[in-house]
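Which chain is which? The protein sequence lines are A and B, in order.
With the first letter of the first sequence counted as 1, position 3 gets the number 3 in this note's numbering; the numbers rise by one all the way through.
Every number in this note's numbering is 103 more than the matching position in the second sequence, counting from 1.
Among these hints, one or two may not hold up.
[Claimed, not checked] Rough simulated footprint, nothing fancy, chain B against chain A, three-plus residues with beta-carbon under 8 Å:
(1) 16-30
(2) 33-42
(3) 45-58
It should be emphasised that the hints constitute simulated quantities derived from the structure, not laboratory data.
Fair warning: this is a prediction, and the values are worked out from it, not measured in the lab.
All residues carry an ideal CB built from backbone N, CA and C; glycine is no exception.
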Amino acid sequence: MDFEGQRVAEQWLIKLLIAFAAVGFLAGYLTSNFALMAYINAAGLAITTLLVVPDWPFFRRHPLNWLPPLNPAQQQAAASAATAVAAAPTPAKAAVVKSRKQG
Amino acid sequence: MHTAWTRANTVLTFFATVLSVLCVVVTVTDVFHKSDPPISVELKEVKRLVTHRGRQDQAALSMRLDADLRPAFSWNTKQLFVFVQADYATPENAINQVVLWDKIIENKADAHLKIRALRQKYAFIDQGRNLRGLPLNLTVAWNVMPKVGRLFTRSKTFAVGTLPEEYTA
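Excised from the complex, chain B in its bound form (with noise of 0.2 Å):
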């Protein structure tokens, strides 16, 4: 503490340690941070529903989803990454997740998904010929970004039916 440097090399060092200490502070705040977003999901239509290279069955699917993910951020959360899965389970597996959708949300004011005719982004295709007349279920799943701390993921699973008897056209 003599010189002005050795005192500017103490004030910075212990800043770390209290901005250290804080984001522990942060951290603890998220666990108290409880929510429950009312979020609901549906099979629309099922569009088409064929044997993919003669060997594993595709389908594709129109659903309609309505998340309200807004309490879903508190003041930590830097983004969510929300996702739709298709869970469901076969003689072969007997757990089958294949991820149907997905969307980064930024802020909290976008956070309000209403999407009456939910395509597709990428391809829903079995591993065996196992599709026809499935119980399908769905998963919403949001992954909570927090600006400091854990990486954490919360979900909702719906049984929306179950998937046509024959292959379409």
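Chain A with its partners taken away, still in its complex shape (with noise of 0.2 Å):
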């Protein structure tokens, strides 16, 4: 499930939950039936968790754009310039570094 579809699953479960409430305590009330009140509101948790949990596909519409990943020989040739730079090492040292770095 990507961003997106946690946000709309979340907005989903609050406002169906809360419609299944209303609509079975109505229901309830109107025709003095208790048990028709806990009825539906069970099988409002029954359908908001068949709806919202599983990972369905419509919550995988927004997938997120990763930037296109660096050239590893530029990576590499970035990184030791750096280093170069903060700590000026010997020739050796840059030697063991680079081989740590490669390993």
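Starting from the two chains in their separate frames, assemble the complex, guided by the hints.
Pasting the structure below:
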């Protein structure tokens, strides 16, 4: 589930549960049937769970667009240049650093 | 909300919150449920009026009860606990309440009580020897046990006459 899907899922579950509770209360009160209210709420819980909990395809319509990966060779060059500027190591130490990075 | 488990948790906890609010709303509907059930209770006969162990008066009553408690049922009522009690005042105690009979009513269809000769379930014994010539009140009271919310009691009291001046044989 992507971020947009998570937002939509949370909004749905809040609206659905409140709607079922309101409808159940009105139906139960108007027909003087307490059990009817309880059953409508139970059905609401089941429907909401089915709709919101599984990772349905419609929650995956907004995938994140990651930046394209940098060229590995460029990345390495940038890293060694940065260490050279920061520590100014001797050639032997630089070789050690380089071999660690590769390893 | 990023895994199915966290979503299931959110659904259940929010459902619990909604239910608790719903319970409060249901309780409020009982405040607006007004009822005035027609009730009458009469003292039919004093079968016995004796001294119990020489120190306390005891009476055996026969009563007639007609109570239509169907209006007391609301959609949120689980059951009623009905009882009849003797109410009277004596020099020893300003308030005496002795329960003579009770009954549990579990559904509305059984809530119309018509009992021509209501016999006591529990003994009517005074704390002293004060029952002779006593003006007696009978109270019909009903506890309403709701499915959700607070238990409450309603009652009606009737002056049903005076007990005999002398002990029965």
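Quiz item: So which hints don't hold here, by number, going up?
Solution: The structure conflicts with no hint, since it agrees with every one listed earlier.
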